[in-house]
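Visitor: In case you want the letters, here they are:
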Amino acid sequence: MKTTTIKKKDIAGFLDNILTEYKVFAPVTRDERVVFEEIGAGSEAILDYQNTPMPPKGILFPQTERLFSYRSTKEIPDIVVPSFEEKQQLIFGIRPCDARSFTILDTVFDGDVKDPYYVNRRANTVMISIGCTKPQATCFCTSVGGGPFSEEGSDLLMIDCGDEYVVKVASDKGTRLLEKRGFEDAGKDKLAFVEEVIKKAEASMGPEVETDGLKEKLDKSFNDPIWMQVTDKCLGCGLCTYFCPTCHCFDIVDETVGSAGERIRIWDSCMFPLFALQASGLNPRPTVKERFRQRIMHKFSYMMDDYGKIGCVGCGRCVTECPVNLDIRQVLDKISRSEDIK
Amino acid sequence: MNEVTKKIREVALKLLQKKKVDLVIGFEKGTLPLRATPCFVRREEEADRLVWNSFCENNLAKYIIRRPERVAIMAKGCDVRAAVELIKENQISREQLVIIGIPCQGMVDRRLVKAELQEREILEVVEKDNELILKGGDFKETLDRNTFLYHSCKTCTHRNPVIYDVLVGDVVEESNVDPYEDVKQFEDQLPEERWEYFSKEFTRCIRCYACRNACPLCYCQECFVDSSSPPWIGKTTNESDTAIFHLMRAFHLAGRCVECGACERACPVGVDIRKLHRKLARDVKERFGYESGVSLEQVTPLATFKPDDPEEFILNP
Amino acid sequence: MKNPYVPFPMRIENIVMETEDRDIKTFSLSFVHAEDEENFQYIPGQFAELSVFRTGEAPFGMASSPSQNGCLEFTISKVGVVTTALHNMEEGEIVGVRGPLGNGYPMETLRDKNIVLIGGGFGFSTLRALTNFMIDESNRAHFGDITVVYGARKPGQLLYKEDLENWGRRPDLHLYLTVDTGDEEWKGRVGLVPTIIKEVAPSSEAAYALVCGPPIMIQFTLPVVEKLGFPPDRTLLSLEMRMKCGVGMCGRCNIGSKYVCKDGPVFSCAQLSELTSNEY
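If you're matching them up, the sequences are chains A, B and C in order. When you read off a place in the first sequence, starting at 1, and then add 47, the result is the number in the working numbering. When you read off a place in the second sequence, starting at 1, and then add 69, the result is the number in the working numbering. When you read off a place in the third sequence, starting at 1, and then add 350, the result is the number in the working numbering.
Honestly, the hints are just simulated from the structure, not real lab data. Where hints are given, some of them may not hold.
[Claimed, not checked] Mimicking DSSO-like on lysine-lysine, the simulated pairs with C-alpha atoms at most 30 Å apart in a straight line are:
1) 246(A) x 262(A)
2) 381(A) x 98(B)
3) 75(B) x 253(B)
4) 183(B) x 181(A)
5) 220(A) x 548(C)
6) 381(A) x 375(B)
7) 181(A) x 98(B)
8) 264(A) x 183(B)
[Unchecked claim] Listed next, the stretches of chain A that the computed footprint assigns to chain B, with coverage defined by at least 3 CB atoms under 8 Å from CB atoms of chain B:
9) 228–234
10) 281–288
All C-beta atoms in this analysis are idealised placements derived from N, C-alpha and C, irrespective of residue type, glycine included.
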């Protein structure tokens with residue numbers, strides 16, 4: 048099966064059916080904001096939204112995660128690793144940029160060394176994304192290898208066609224899910240119609256960020272004073288990293304009560320001042336300039352070296368959420384165009 | 070272009086031409102509608118980047134801390150107050166600073182505006198007198214800017230800079246609103262109700278520290294939350310640790326916070342941080358008759374001891 | 351799927367106070383479970399993450415040679431939270447270990463070459479591991495001349511005094527010790543490591559220079575080593591960075607696109623000069 052259709056009014060019922068077998072995460076409204084949360088009924092999911100401020104990366108890579116617990120006495124501590132959830136889960140209504148972000152996180156957590164917490168969860172997760180018929184002015188997914196209807200990372204991609212969605216099947220997992228529920232192939236006409244919708248959306252996207260030759264330019268720029276200029280206004284807070292769907296830096300801490308303890312993994316940020324501080328007192332990235340440069344170089348150069356992928360999906364969250372409107376597109380553009388960097 | 074923008078550019082240009090300063094810190098047009106962004110002008114030809122509008126929401130005093138060079142700063146009422154406190158705390162000397170004071174009519178809360186328009190994407194904003202004309206792909210709406218000011222601007226009692234070297238724009242009328250009206254109402258609630266309110270607020274906090282980093286008076290080289298030796302609080306989003314972060318930060322700012330609201334504006338999840346800070350600001354005002362950032366001579370009461378201090382602690386151990 | 355975050359237990363068998371300022375100790379650990387010992391195959395230059403349960407974890411270079419069976423040694427300087435907790439521990443107590451991690455010294459490449467080991471202060475631990483490994487009976491024939499230059503601030507700060515004595519007696523190893531400032535009993539060389547290397551002038555022919563020490567020592571040693579004719583691809587450094595996961599996932603210890611925990615900690619100067627970043 049390549050495509051099928053589902054009427055918008057049937058979505059709630061579709062999700063209710065899925066809930067009998069899967070844990071479902073979907074966009075819901077909470078305190079005037081749209082967030083991804085576990086739903087109890089299909090009617091809770093909202094379909095009409097642009098994108099959640101907070102990306103859904105926390106579903107597979109939680110902000111706080113217990114790696115193991117132990118009880119420490121003079122004897123050998125008993126280490127207990129939390130059991131990995133067996134129940135299947137489904138993330139519904141995710142945007143293609145966010146679905147794609149997981150393929151980038153896969154390169155980090157599912158490489159030569161595997162992170163079992165992430166990998167197990169990922170294997171148990173089905174992604175149903177909704178393509179972006181109205182990309183926002185801050186979206187630049189097409190500049191970094193993605194697109195408003197990219198299927199990368201999705202199992203099913205839903206395309207809004209008025210009162211129904213055309214559903215493109217992007218993986219075997221997706222096929223199995225639909226076949227089990229009696230969906231049938233929609234035929235070629237629907238596909239043709241959908242191509243028009245896709246073309247229109249892609250055409251509506253704003254000015255691109257030039258990524259051709261960007262890595263080489265960035266590598267040459269490392270010691271250039273341009274970094275001082277672009278980071279003048281950066282507060283060094285770390286908000287951009289928390290809202291970024293591909294940022295994955297974490298810290299590991301031990302928290303204890305009495306003789307019982309837990310080793311916990313928590314989100315961390317390369318923008319935080321003590322991120323790389325060594326016990327000797329040496330801090331290889333002592334000021335905001337070095338830390339911001341590290342962030343940009345990591346995403347647009349180092350990840351290319353290590354994994355062959357740009358570590359950015361162009362979702363635009365860092366642009367909209369930054370308290371001082373430090374715009375990554377502007378920074379990259381400035382460096383790309385700088386004639387002083389050779 | 071409004072008059073204030075024109076004047077600011079002239080002032081900045083002159084200061085740079087006459088080499089009175091090495092750097093002018095102000096605002097320029099943002100890359101998004103409803104935003105202006107901090108701007109660092111070091112060369113004469115860059116002076117034309119500077120603007121003044123209803124989106125100049127950041128507290129620029131943040132950027133003058135421990136600067137070695139001579140700096141001019143475009144400062145609204147709250148920015149000047151922060152600068153005053155920083156001068157008193159020896160983070161910059163008065164002589165290094167040229168304060169371009171701007172009487173402020175309040176800044177527009179971009180989130181309130183966006184909420185008003187629900188999910189419709191705003192592509193362009195034009196300001197005309199007190200109107201905000203918002204344009205999107207298929208709509209145009211006009212809003213009254215005064216309805217959409219930040220709460221901190223609606224309760225602001227120091228719109229005019231308390232000190233300045235150059236004043237740009239006309240003096241505005243100070244509001245006689247009681248800035249602590251809602252704090253008093255909140256205080257009348259039961260302790261359980263108040264705790265429940267803040268507990269709920271803190272569950273939203275994601276510990277991104279945007280509030281702390283946006284605050285001009287948070288400038289410790291090593292903040293207590295970052296320290297691991299000793300680890301004062303945990304780094305997870307555990308409710309207890311998060312509550313302590315906000316409460317302790319509020320105490321560290323008691324008598325110093327100028328209630329500019331930079332913290333709230335930076336917070337991406339809408340935690341009601343300012344209420345805590347304003348409660349303490351009000352307490353300091355009532356007990357010590359001190360308002361932070363309005364006088365270069367008065368020292369903050371929590372850094373001072375006088376023998377006739379109402380608190381007896383030091384005298385009677 | 352192996353869980354890379356879970357440590358296995360080891361018991362503290364022996365603690366040696368190494369320095370007169372009492373800030374550096376060497377811990378000898380024994381395996382609690384036999385299968386952990388079987389699985390722990392390491393080479394000199396690798397490191398492990400030591401856990402003090404209820405306090406935290408930190409990375410330490412292996413100070414023992416793989417030729418020493420049944421135990422692992424770590425030399426620990428008391429500088430922070432975890433190291434202070436370790437220093438407060440006693441023989442018989444349990445710590446957690448994750449490892450071996452890192453790339454270690456390129457043992458195949460070093461075979462049949464002359465090896466010049468240059469260490470300063472606390473950074474000497476992995477070089478000591480390598481030296482002990484090379485002079486072990488079964489290995490000695492595979493390496494050429496071995497020259498060790500090792501310096502500390504004061505005589506009381508020299509580590510591994512027993513090893514130093516043994517090495518000094520061996521005819522198949524040239525040992526040059528130095529201190530920045532001597533004391534009444536010190537009869538040996540006095541001078542900074544870079545100065546001593548200039549004096550000793552080890553030959554760079556078919557030789558590798560392995561340098562390990564505090565950043566300032568490395569900064570002044572490298573030009574001397576270069577002048578002696580050691581090319582960048584035959585000058586190896588063992589770097590240190592703040593680490594957490596130790597397996598290249600937490601994003602913390604990178605220099606450019608290389609992670610010190612995974613692609614290092616041993617890098618040649620040639621590799622380092624190719625990196626975009628100088629943040630180390």
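Visitor: Now tell me if each hint is right for this structure.
Guide: Going through the hints against the structure:
A distance of roughly 29 Å separates the Cα atoms of residue 246(A) and residue 262(A); the hinted pair therefore holds under the 30 Å criterion. Proximity of residue 381(A) to residue 98(B) is assessed by CA-CA distance (about 16 Å); at most 30 Å being required, the pair is judged to hold. As the CA atoms of residue 75(B) and residue 253(B) are separated by approximately 42 Å, the hinted pair breaks the 30 Å bound. For the hint pairing residue 183(B) with residue 181(A), the CA-to-CA distance comes to about 17 Å; that is within 30 Å, so the pair holds.
Only pairs whose Cα atoms come within 30 Å are accepted, and residue 220(A) paired with residue 548(C) is rejected, the gap being roughly 66 Å. Between the alpha carbons of residue 381(A) and residue 375(B) the distance comes to roughly 55 Å, so the proposed pair goes past 30 Å and is violated. As the CA atoms of residue 181(A) and residue 98(B) are separated by approximately 25 Å, the hinted pair is consistent with the 30 Å bound. Restraint check for residue 264(A) and residue 183(B): not satisfied, since their Cα atoms lie roughly 37 Å apart, outside the 30 Å limit.
Residue count for the region 228–234 of chain A with a Cβ under 8 Å from a Cβ of chain B: 0. That is fewer than the three needed, and the coverage hint is violated. Chain B is given as covering the region 281–288 of chain A, and this holds because 5 residues of the stretch bring a CB closer than 8 Å to a CB of that chain, at least three being needed.
Checked against the numbered hints given earlier, the structure breaks hints 3, 5, 6, 8 and 9 and satisfies all the rest.
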